[in-house]
Amino acid sequence: MKLSVIMPVYNRERYVVPALRSLLRQRDAADLDIIVIDDGSTDGSADAVRSMIGESPCIRLFQQQNAGVTRARNTGLRLLKPDTELVSFLDSDDISPAGRFEADVELFRKDPGLELSYSRMMLVDKIDDERLEPAADSYRITVRGIHLSSAIFSRRLVERIGWFDEEFAQAEDTDYLLRGFEIGPRYVLPETVALYYRRHPGNMTKQEDVQSREFLRAIYKSMKRRRANPSLRPIEGIFELDKLTDWRFM
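Start counting the sequence shown at 1; every next residue gets the next number (full-length UniProt numbering).
It is worth saying that the hints were derived from the structure and are not from the lab. Bear in mind the structure is a predicted one, so any value in this text is a computation, not a measurement. All residues carry an ideal CB built from backbone N, CA and C; glycine is no exception. Some hints could be false.
Said to hold, decoys possible - Calculated lysine to aspartate or glutamate pairs in the DMTMM-like style (CA-CA distance at most 20 angstroms, straight line): (1) K126 <-> D137; (2) K221 <-> E167; (3) K2 <-> D137; (4) K224 <-> E236; (5) K110 <-> E191.
Said to hold, decoys possible - Distance ranges between label pairs, derived from CB positions: (6) S56 <-> R14: 13 to 21 angstroms; (7) R109 <-> E191: 13 to 21 angstroms; (8) S231 <-> L24: 27 to 35 angstroms; (9) L107 <-> D128: 26 to 34 angstroms.
Could you build all of it, start to finish, from the sequences and the hints given here?
Okay, structure coming up:
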């Protein structure tokens, strides 16, 4: 099955190569199409990606003027190939665990009616970029959080959800996931760990005031949609946000 993975990049020269390597090691699990959107980086991010394309033609690099992560994600959606069957995402500073696609893509092979798999994520403060695994002394917690990389979408579900809402500076992923679950797709919640979320000082989500405001706006918009359209499904029993209260960034 052709799986397109969309990766926005902005000034992630330090992290983007390990992120891409973590995808490439899973090429046997799916027909991978890795769409990298360089969103006006001013460092060597684009060159780092180019250094891998020669031996890995499944990586496609596209560059645009800086417009923010939401527009970069929409650019990636516009670049999906006609034969793409599944769509996922990976941020350019995170790691896709070995075996993740082997486990979750198989669910779609077995069930042609499946539209969404939504797996777990591990938050980690130290990653060994050679082994592409959490460092032995890392602090970590595994949850079913809110993150696009936890999901694999069928192409038909992506077309039903539509574009990312470009009014969001952050939490565009929260809004997209809520909209996806609201329309009542056929989904499964595997125990697979879908990503190692790398906590570091440059995380956008460290901007806590912006993060909180945008997250609450996504929740409010979901409530408004469901009040206006009772056919939309409530989002219950999926996300384990209470577990994140135990997280501490060391």
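Hint by hint, here is what the structure shows:
1. K126 <-> D137: Cα-Cα ~8 angstroms, so holds.
2. K221 <-> E167: Holds. K221 to E167 sits at ~12 angstroms (cutoff 20 angstroms).
3. K2 <-> D137: violated, 36 angstroms
4. K224 <-> E236: holds, 16 angstroms
5. K110 <-> E191: Answer holds: K110 to E191 is near 17 angstroms, not above 20 angstroms.
6. S56 <-> R14: 13 to 21 angstroms: At 19 angstroms between Cβs, range holds.
7. R109 <-> E191: 13 to 21 angstroms: At 18 angstroms between Cβs, range holds.
8. S231 <-> L24: 27 to 35 angstroms: violated, 41 angstroms
9. L107 <-> D128: 26 to 34 angstroms: For D128 against L107, whose Cβ atoms are near 29 angstroms apart, the range 26 to 34 angstroms holds.
The structure fails hints 3, 8 (numbered hints given earlier, in ascending order).
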